[in-house]
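Knowing the structure of chain A, use the given hints to seat chain B on it.
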Amino acid sequence: NPYAGLVSHLRASWLSGKTRPMEYRVAQLEALGRFLDDKKQEILEATELDMGKPSFEAFFSEILLCKNELNVTLNNLSQWMKDEHVDKNLVMQLDSAFIRKDPYGVVLIIAPWNYPIHLFLVPLIGAIAAGNCAIIKPSEISKNTERLVAETLSCYLDSDCFAVVTGGVPETTRLLENKFDYIFFTGAPPVGRIIMTAAAKHLTPVTLELGGKNPCYVSDTCDVTNVARRVAWGRFFNAGQTCIAPDYLLCTIEMQEKLMPALREAITEFFGPNPRESPDFGRIITDKQFQRLRALLGSGRVAIGGQTDEAERYIAPTVLADVLPSDPAMQEEIFGPILPIVVISNMDEAIDFINARPRPLALYAFSCDSKIVNQVLERTSSGGFCGNDTLMHVTLSSLPFGGIGNSGLGKYHGKFTFNTFSHHRGCLHRNMGLETLNTPRYPPYTQQKLGLITTTFEVKRRGTCTLL
Amino acid sequence: MERMQQIVGRARAAFNSGRSRPLEFRMQQLKALERMVQEKEKEILAALKADLNKSGPNAYSHEILGVLRELALTMEKLPSWAAPHPVKKDLLTMRDEVYIGYEPLGVVLVIGAWNYPFVLVMQPLIGAIAAGNAVVVKPSEVSENTARLVAELLPQYLDKDLYAMVTGGVPETTELLTQRFDHILYTGNSAVGKIVMAAAAKHLTPVTLELGGKSPCYIDKDCDLAVACRRITWGKYMNCGQTCIAPDYILCDPSIQSKVVENIKATLKEFYGEDVKSSPDYERIVNQRHFKRVKSLLEGQKIAHGGETDEASCFIAPTILTDVSPESKVMEEEIFGPVLPIVSVKSVEEAIEFINFREKPLALYVFSNNKQLIRRVIAETSSGGTTANDVIMHSVVPDLPFGGVGHSGMGAYHGRFSFEIFSHRRACLIKDLRWEVVNKLRYPPGSMEMMHL
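In the order they appear, the protein sequences are chains A and B. For the first sequence, position 152 matches number 152 in full-length UniProt numbering, and the numbering has no gaps at all. For the second sequence, position 266 matches number 266 in full-length UniProt numbering, and the numbering has no gaps at all.
It is worth saying that the hints were derived from the structure and are not from the lab. Take these hints with a grain of salt, some might be off.
[What the hints assert, rightly or not] Simulated crosslink set (DSS-like; lysine-lysine; CA at most 25 angstroms straight-line): (1) LYS88(A) - LYS371(B); (2) LYS82(A) - LYS101(A); (3) LYS202(B) - LYS179(A); (4) LYS371(B) - LYS82(A); (5) LYS67(A) - LYS440(B); (6) LYS202(B) - LYS415(A); (7) LYS202(B) - LYS449(A); (8) LYS18(A) - LYS179(A).
Here chain A stands alone, though its shape is the one from the complex (with noise of 0.2 angstroms):
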């Protein structure tokens, strides 16, 4: 077991005690905002060379979104490790109740390459706020960026309680041997069987960030250029290699003809003519996912896009026109530059439609009329929801952020990081003394004593009427 040493020596510092202190928690998330500052220019190169992001998006959430997170945490960290104190019956008035933030112990984050420092940080915000020790595993598919936190986080963090882990499928799966006390997995559903199997092993709490084919609903009473510029830069931003991107749209027959010039448009401002040479379209991160997309063009029509460059990775940013649900696009999370069109008649196909697939990370509706966008969030079922915009959902700290189903299980952000990371401690502190007040729990059992019980304890309907 080649991480046994590693995992043991991260352990014997969690049960010294030095992360639970909040000054000590405090200075190692100052340390990560420096990381933050100090390696801007890296990170965007590294992601650069990555994935070809561009520096505004890198900027924005790999530094931004980042930053915003480790402010929200600074902020109130005092107030999340306090106990909370919750109510109590008659017979507990002299006694304390409250529920305790008590860290895990040795927690596992393992990141995908697509916002490769974000898919990590945050969650590491969140396991140093709530006081654990830490192993990162970021994804090795993003090379640039894997080789950078390597080489340069430790020089932040304190190796005692903090390490980076490298490697591929081979390692994650030894470094699944150990026993982690949370795994924090964000990546594809498949993975993420393989690594709740592993877990289950050590009955190790996880929470899994995994994707889906994310809907997206135009009903036919919308501003059209507004819903295409929203739509466009969910699905194109990272060159659509986002887990919540809009993987798909629906909407009747006029709809499609009347968004596809808006569509155009929207592309044409954002990235030029010729969206090759601008330097706000990304590329796609390998040759095999380069493949993959190139493939699944080939669905329905071509309406806007379609060229590719297999040197670049370039995938231009395409709309693909009548896509029939049996078509390639429709069988897999497309993750790339690609935005199918499946027409359907009326709002209750679209919800149908969407209702007989796997539950989406996020799901999105566009409409003028808000009972329409209700409707399909009431009849629906999905990790998050935004109406009338795409990906925003996630920007608000005070949201969480999770799938359902096929999409994860488990949130975080914001606060909703504090809590996946801390394990919430039932505790009651009673007073030795009125020691009567507790005969009648004991035997000799009697009605009478029992009667007494059910007054105490009892909760009683507001509106029932009681003796006491």
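Leaving out everything else, chain B in the frame of chain A:
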């Protein structure tokens, strides 16, 4: 077995019909459950007596009262629990609707245990119904009378398709676990907990595992021993020691060991009289297998009190073991019986080290007049839950989450926490299609100047 597929399929179709979602429907089902418990009280108590030799008042206060209380609390609070929770907005979302919606998960599986066979299926069931789910209930086959009764009663009071009963043992449960559920709540032991989680992993089903372990009980030299020992005796020997949060073993300084034994002995007489076997308030071990298991833990031990057994009636007397070696068998597994080992430790540091060396327990107990010491023991250990200066009682505070950590489990329930684990918290952001000007900041072409805005 196709039967499992059909049962779960029917529950899923019933859930998909949408009828379990309206609050009125859920309240109606909860009210029906309340009626069931009130109308069938006699039958429920009889089943508990047959399964565990639980006396009437004991069974009522440990199982029925808890269920009625949970029902009353849930029906009272459900509207506020189920309402969308608005959250803090930022500058960009000021004009938008931002909230967390509570939605049902779908079809929930509740697997019960045999030691508190009624409350351990009912309490999760209440939460699952309240959250708007369909539920499949699999009570423990070991407590067969209660299982049979619940299987008969539930369909008489609740919607038959939405809330289904499955009875049986290991083969039936294994078959059941191949089906896809949207949450599984399992109460039982860690070994089976691993099997449940591995089965759930195939479908990416979230789980709540209420497991067990050895719940330590540290008695400080500075404490009212008479009171401490009375409370410990109550929690240890109730249900014949077959309680997941019973104090499993005692840690104390060797100088107070004999006083502890004396006090417990005195309390036992007070509770059960001279002849424990004839006390109507003392239960029995659930079956022969567990009887043999617990009896074997006595081998080679110094029995300070008790030790009598009677295989025919699965009777094991309340027993105290002294000077127990940490390496002995009785200190390896959760005892789940009326045997109380006392292990000597010379200091609170040693106690803390002893506890931390072992798997995280479901409950942890510490008795002391010294508040600082109590705070220290709690702060330097981890456990599912904790009670200081008493035992068991943290599990009856309705607003405390009840669950384990590490080997003792994951997730928590009771009251509001039940509602939450059986719900999906869906993040909702509803924007306006106008006000596009605000969005322009984020669209390409981007520039570094824009970023500094």
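Could you work out which earlier hints the structure fails to respect and list their numbers in ascending sequence? Per hint list: 6 and 7 violated.
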